[in-house]
Amino acid sequence: MTSPADVLLRVTDLRTHFHLGGEVARAVDGVSFDIHAGETVGMVGESGCGKSVTALSLLRLVDPPGRIEPGSRIEFEGRDLLALDNEGIRRIRGNRIAMVFQEPMTALNPVFSIGDQVAEVARVHAGASRKAAWERAVEMLNLVGIPDPRERAKAYPHQLSGGMRQRVLIAMALVMNPSLLIADEPTTALDVTIQAQILELLASLQQKLGLAVLLITHDLGVVAEVTSRVLVMYGGQVVERAPVRELFANPRHPYTRGLLQAMPRLGDHRDRLAVIPGTVPPPTRWPSGCRFRDRCPYAWERCATEAPPEYPAGNGHGARCHLVDEPARDVALAAPVA
Amino acid sequence: MATWLVKRLAQGLVVIVLTTTITFFLIHAAPGEPFAGLLDDPRTTQQMRDAHRARYGLDRPLVVQYARFVASIGTGNLGESFTYHRPVADVLGDAIPRTLLLMGAAMLVGFAAGIALGTAQGARPGGWLDRITGSMAVLVASLPDFWLALLALLLFAATWRILPVSGFSDPTLSASAPLVVRAGDVLRHLTLPAGTLGLLVAAIVSRYQRAALIDVLPEPWLRTARAKGVPRHAVIFRHALRNALLPTITLGGLAVPALLGGAVFVEVTFAWQGMGSLAVQAVGDRDYPLVLAIVLLSSALVVAGAIVADVVHAIADPRQRHA
Amino acid sequence: MPDATPSSLAAFADTEPAPTTPGAPGRIAAVLRRDPAATVAAAVLLLIAAAAVFAPWIAPFDPALPLDVEARAQPPSSIHWLGTDPLTRDLLSRILFGARVSLGISFLAVLVATIVGTAWGALAGYVGGWVDRVLMSVVDAGLAIPRILLLLGIVAFWRTLSAPALVVVLGLTGWFGASRLVRAEVQAARRRDFAIAARASGASPARVLVRHVLPHAMTPMLVAATLGVGQVVVIEAGLAFLGYGVAAPAASWGNIIRDGREVLATAWWVSVFPGIALALTVLAINVLGDRLRAALGAPQLPAP
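Residue numbers (the working numbering), protein chains in the order written: chain A, 1 to 338; chain B, 1 to 323; chain C, 1 to 304.
Careful: at least some of the hints might be erroneous.
[Unchecked claim] Between beta-carbon pairs, the in silico distance windows are:
#	chain 1	residue 1	chain 2	residue 2	range
1	A	Ala-132	C	Arg-191	23 to 29 Å
2	C	Ile-79	B	Leu-100	47 to 53 Å
3	C	Pro-36	A	Arg-73	42 to 48 Å
4	B	Gly-127	A	Lys-154	50 to 56 Å
5	B	Ala-89	C	Ile-79	52 to 58 Å
6	C	Val-210	A	Lys-154	52 to 58 Å
It should be emphasised that the hints constitute simulated quantities derived from the structure, not laboratory data. All C-beta atoms, glycine included, are put in the ideal place defined by N, C-alpha and C.
Hey, can you work out the whole structure from these sequences and the hints?
Here you go:
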C-alpha cells in the first residue's frame with residue numbers, strides 16, 4: 001500500500017441527499033474512499049447507484065434540491081473542499097480537478113468553437129491572453145489526437161463526431177495539468193471501436209501526465225482494462241472495494257458477483273446474459289438492513305435487521321456484506337440466471 | 001444561403017401581394033365612399049360626385065380598378081392621395097422615417113431593457129428580484145398602449161412638464177439652428193413616445209428572455225462550463241445567454257406587426273406625424289391610395305422584419321451558419 | 001413560454017404554440033383550486049363579468065343621460081363615486097355599462113374567431129398538400145398586417161358600426177393565430193395511432209376529425225381563446241379610442257377614455273378610471289391564461 005502522504009483525495013462519509021418536497025432521496029449515503037496520486041480507480045454500478053452524484057459532489061456541482069450533508073468530508077491535496085468558499089472551489093474546478101462528462105453530444109456549448117471552449121480554461125485559470133490561450137488550445141487538441149488541430153479548433157461542436165467531441169472534452173480537462181481527472185462514463189455514448197480509442201487515449205495520457213483518474217462506468221470490462229483498484233457502488237454506498245485482479249478473482253459481495261456474471265465475455269456461448277433480478281430501489285426508500293437484500297439470493301434474517309458494515313477481507317479488499325462475517329453461509333448457489 | 005434568401009423573399013412577396021389585394025377589395029367593397037370631406041358635404045351634387053369618381057377611375061368595374069392599381073404599383077407609382085392631391089410617395093416620404101425612428105428607438109430601448117431584466121430574473125428564478133420585477137412586467141404588459149400613452153401625457157404634460165408631449169420637433173426652432181441642437185430637440189420629443197412603446201416592449205421581452213434562459217439552464221454544457229471553473233457570471237452571461245438570445249432574435253422579427261400597431265396609438269396620442277397617425281387620418285378621409293400604400297408598406301416591413309430576424313439568427317447560430 | 005400579452009403589441013403571442021398535451025377542461029377546475037394566483041384572477045374576472053351583467057340594476061345613474069350643467073366633469077364625490085364626464089354623465093354608471101359592451105363584444109368576437117380559425121386550421125391540417133399551402137399563405141398574410149390597420153381599413157368605410165357588425169369584423173380579423181394552432185394540433189393528432197386506426201375502421205374523414213382529432217386541440221384552444229379575449233378587449237377599446245367603436249351615446253371603455261382625452265389636464269378621472277377597469281380585466285385574463293397554459297402543459301417534476 002502507498003503511504004498516507006500520497007493520498008490525493010480522501011472522501012469520508014460523503015452523503016448527498018435530495019430534498020424533494022416531503023421526501024429525501026439519499027442518492028449518496030455514506031461513501032468513503034481514497035485516491036492516490038497517479039492511480040486509476042474505477043467506480044462501477046448500475047444507473048441510480050449514486051456514482052454520478054458522487055462525482056458531481058467532489059466538485060460541488062450538485063444543484064438544489066440536492067445538498068451535501070454536514071459531516072461529509074472531501075479532502076483534496078490536504079485541503080477541505082467542503083470548507084472552501086465559492087471562489088475557492090471554482091479555482092479547483094478544471095484546474096486541479098477536471099471532469100469529463102458522459103454526453104459528448106451535449107456537453108459542449110453549441111455556439112462557441114471548440115478552440116474557444118478549450119482556451120477558456122486557460123483564460124479563467126491562468127489568466128492567459130486570448131492568443132496564448134488559443135495556442136494552448138491547439139496544443140491540447142493535438143495532444144488528444146485531433147488531426148489538423150489548428151484548423152479544427154475553429155470548428156463548432158456540431159461539425160464533429162461523438163468520438164472527436166469526447167477528445168475535445170478530454171483536451172479541455174487537461175489544459176491546466178490537473179492532478180485528478182474524473183471521467184463519468186466517458187465512453188458510454190460512443191460505439192465500440194471509438195470506445196477503445198478513447199480508453200487508450202485516457203490510459204496513455206494518464207501515464208504521460210501522471211494524473212490520477214477516477215473512472216466512473218457501469219461496464220466492468222472497461223474497469224478491467226484500465227484501472228488498478230475498483231469501488232463497487234450500490235444503493236448510494238460503496239458495497240465492495242478491491243484491487244482489480246482480486247475483485248475479478250474473488251468477488252465477496254453477491255452484487256459484484258451478479259455484475260460479473262452479467263458481463264459478456266469473449267467465447268461466451270450462453271444464449272442469454274445473466275442479469276441480476278429486480279431493480280435498484282428508489283433512493284427515497286432504501287430497504288432496512290442491507291440495501292441489496294431484496295435482490296440477493298443469499299439473504300437471511302440478519303440482512304433485514306442489521307445494515308452490514310464494511311468488513312475487511314484482506315489485501316485492501318472489503319465488502320459490505322454479512323457473508324464476509326459468516327463465511328459458512330457463502331456456499332455455491334445455482335447461478336441466478338433470469 | 002442564397003437560395004434560401006431568394007425563397008424567403010418570394011414567400012414574402014406573396015404575403016405582400018395577398019395583404020394588399022385583400023385590403024384593396026375590402027375597402028372597395030365596403031358601403032362607404034371615398035373623398036369623405038367632399039362627399040359628406042350636403043351641397044355636393046351628383047354630377048360633382050360622378051366627376052370626382054371618374055377622375056380617379058372609381059367608376060370602372062372593380063376588377064379594372066384592381067388591374068390598374070397593380071399595374072401602377074408595378075411601375076413603382078403608389079398613386080395620388082385624394083386628400084393631399086400629391087403623390088402618395090411624397091406624403092409617405094416624411095412619415096416613414098419618423099415611424100422608423102420611433103419603432104427603432106422603442107425596439108432598442110425595449111430589447112436592451114427586456115433582455116437585461118429577463119436575464120437577471122432567469123438567472124435566479126423565484127428570487128426576490130424575479131418575483132417583484134416579474135409581477136411588474138406582467139402588469140405593464142397588460143396595460144393598453146393607448147392608455148399608457150395617455151397616462152404618460154397626463155403625468156408629463158399636465159403634472160411634471162418635463163418633456164415635450166407632442167409633435168416631432170419644436171416648431172419655433174429655426175431650421176438654421178446647429179444640427180446638434182435640432183437632433184437634441186427631436187430626441188427630446190422622441191423620449192415620451194419611444195419610452196411608452198419601449199416600456200411595453202421591455203415588459204414582453206423580459207418575460208420571453210426569462211423563459212428562454214430558464215430553458216437553457218439545465219443544458220449539460222452549462223455543467224461542463226461550471227466544471228471547468230468558469231465563474232458564475234460568465235456561465236450565465238457568456239454561455240447561457242448566448243444561447244438564450246437566439247429565440248429572442250426571432251421575437252424581434254415577430255414584433256414588427258405589434259410595434260406598428262402600437263405605433264398607431266402612440267403616434268396619435270403624442271401627435272407624432274408618422275405612418276401610424278397618417279393611417280388613422282387617411283382612413284378617416286377615405287383616402288384609398290394612401291390607405292393601400294400604408295398597408296403595402298406595413299406588410300413589407302413585417303416581411304422584412306421576419307427575414308432580417310432569420311438572417312441574424314442564422315449568423316448567430318453556428319449550427320445554421322454551416323447547415 | 002413568454003407571458004402572453006394583450007396590448008396590440010402582443011400579436012406574437014399568437015405565434016407561440018401552447019402546450020400540446022390534450023386534457024379535459026375538468027383539469028382547469030383543478031388548476032383553479034390549487035393555484036392562488038389563478039383563483040384570484042378568476043374571481044376578479046367573475047366580479048367584472050357580474051358587474052357587466054347586472055349593470056342596469058347596480059348602476060346608480062342612467063349612463064347616457066346628461067344630468068345637469070352643474071355636474072360637468074366633476075371630480076369623484078360621494079354622489080358620483082368616480083366623478084362625471086364632460087357631458088355631465090355619471091362615470092361609474094358609464095363604466096359599468098361599458099363593461100357590457102366591451103366584454104360582450106370581445107367575448108363574441110373571440111367565439112367567431114375561434115370557430116373560423118378552427119375550421120380553417122382543421123381543413124388545412126387535415127387535407128394538407130396544396131390546399132394547406134394556399135390556406136396558410138392567407139394566414140401568413142393576415143398576420144403580416146398589424147391588426148389595428150386592418151381593422152381601421154375595414155371599419156372606416158362603414159359610416160357607423162353596429163355592435164353585431166363590430167363582433168363580426170373583430171372576429172374575422174382575429175382568427176389567424178387560432179388557425180395555426182389548430183392546424184399544428186391536427187397535424188400532430190393525425191399522425192397518432194388512434195386517428196389512423198379510426199380511419200382504417202372506415203370512419204369518414206369528417207367524423208375522424210370531429211370525434212378523434214379536434215378534442216385534442218381543445219385545451220390549447222381554450223387557453224388561446226382566454227388570452228384572445230384579453231387582446232380583443234384592448235383592440236376594441238383602441239378602435240373606440242380612435243373614434244371607430246360603437247356609436248355614441250352607448251358607452252364602451254374605449255370611447256369613455258376617448259371622451260376624457262380632451263379634458264385630460266383638467267379632468268384626469270374620465271380617462272383614468274375606465275383605463276383601470278380595462279387594465280384590470282386584461283391583467284386578470286393574462287394571469288389566468290398563463291397559469292392555465294403552464295399547468296396544462298408538460299408536468300414539471302423535480303429531477304431525481
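- Query: Which hints, by number, does the structure contradict?
  - Reply: Violated hints: 1, 4; rest satisfied.
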